[in-house]
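> These protein sequence lines are chains G and Z, in that order.
Sequence positions in the first sequence follow our numbering and run 1 to 116.
Sequence positions in the second sequence follow our numbering and run 1 to 112.
Quick caveat, the hints were computed from the structure, so don't treat them as lab data.
Owing to the predicted nature of the structure, the values given are computational and were not obtained by experimental measurement.
For every residue, glycine included, the Cβ atom is placed at its ideal position computed from N, Cα and C.
It is possible that part of the hints are untrue.
[As the list claims (entries may be wrong)] Covered stretches of chain Z, going by a simulated chain G footprint (3 or more residues, C-beta under 8 angstroms):
no., stretch
1, 7 to 17
2, 39 to 47
3, 98 to 105
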Amino acid sequence: NAGVTQTPKFRVLKTGQSMTLLCAQDMNHEYMYWYRQDPGMGLRLIHYSVGEGTTAKGEVPDGYNVSRLKKQNFLLGLESAAPSQTSVYFCASSVDRARRVDTEAFFGQGTRLTVV
Amino acid sequence: GENVEQHPSTLSVQEGDSAVIKCTYSDSASNYFPWYKQELGKRPQLIIDIRSNVGEKKDQRIAVTLNKTAKHFSLHITETQPEDSAVYFCAARIQGAQKLVFGQGTRLTINP
Chain G
1 NAGVTQTPKF RVLKTGQSMT LLCAQDMNHE YMYWYRQDPG MGLRLIHYSV
51 GEGTTAKGEV PDGYNVSRLK KQNFLLGLES AAPSQTSVYF CASSVDRARR
101 VDTEAFFGQG TRLTVV
Chain Z
1 GENVEQHPST LSVQEGDSAV IKCTYSDSAS NYFPWYKQEL GKRPQLIIDI
51 RSNVGEKKDQ RIAVTLNKTA KHFSLHITET QPEDSAVYFC AARIQGAQKL
101 VFGQGTRLTI NP
């Protein structure tokens, strides 16, 4: 049971390049979230998903897209990276409907992205 | 939408003293309030949570209190130890929406 795994752990992009961050969870969780963490700004919600095939915007969605084609995976895409997207990105998952228990959010280990 | 404000942004206490971190939330429909601890370079991890039908919850040296009328909740750490040094985040979730919104974080430093 690996929990929540993010790929890659580190990445450096040039302005204008694109990339996809992968989040995978093996806990059968319904909900998945993407956050970015910047100094003094806490964890800001980018996009989230309440189930396979569904996505919704969070607090800071501009410049990002997401997809949830499989229940266990939540992808975060940057189509044209900008220096303002330099940040640490965290994925999280929660809620196991099959157990009818509202669980805590479990976080991945983070992805440090630098856009130059 | 939901907004969570957290204070203070930094907190320094002597080892053995107590630390208190406070959060306020905007949406009265919020019903779940977790607290996360993040050590340097690591992922946030849940340390305690409280639901809206409870006013206080305690786990050893850590306690959380909730005032639904005033829409604020607090984290209390007693008998602080060096390993309590970390960044602490509060969060709130709105019933039905399932968005989990975080405060800005508090950097807690325990001085020996």
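> Per the coverage rule (Cβ-Cβ under 8 angstroms, at least three residues), is the stretch 39 to 47 of chain Z covered by chain G?
Contact hint for the stretch 39 to 47 of chain Z vs chain G: holds, 5 residues under 8 angstroms.
> Given that the stretch 7 to 17 of chain Z was listed as covered by chain G, double-check it with a C-beta distance under 8 angstroms for 3 or more residues.
Not satisfied, violated; 1 residues make the cut.
> For the stretch 98 to 105 of chain Z, do three or more residues have a beta carbon lying closer than 8 angstroms to a beta carbon of chain G?
holds (count 8)
Hint compliance for this structure: hint 1 is the single one not met.
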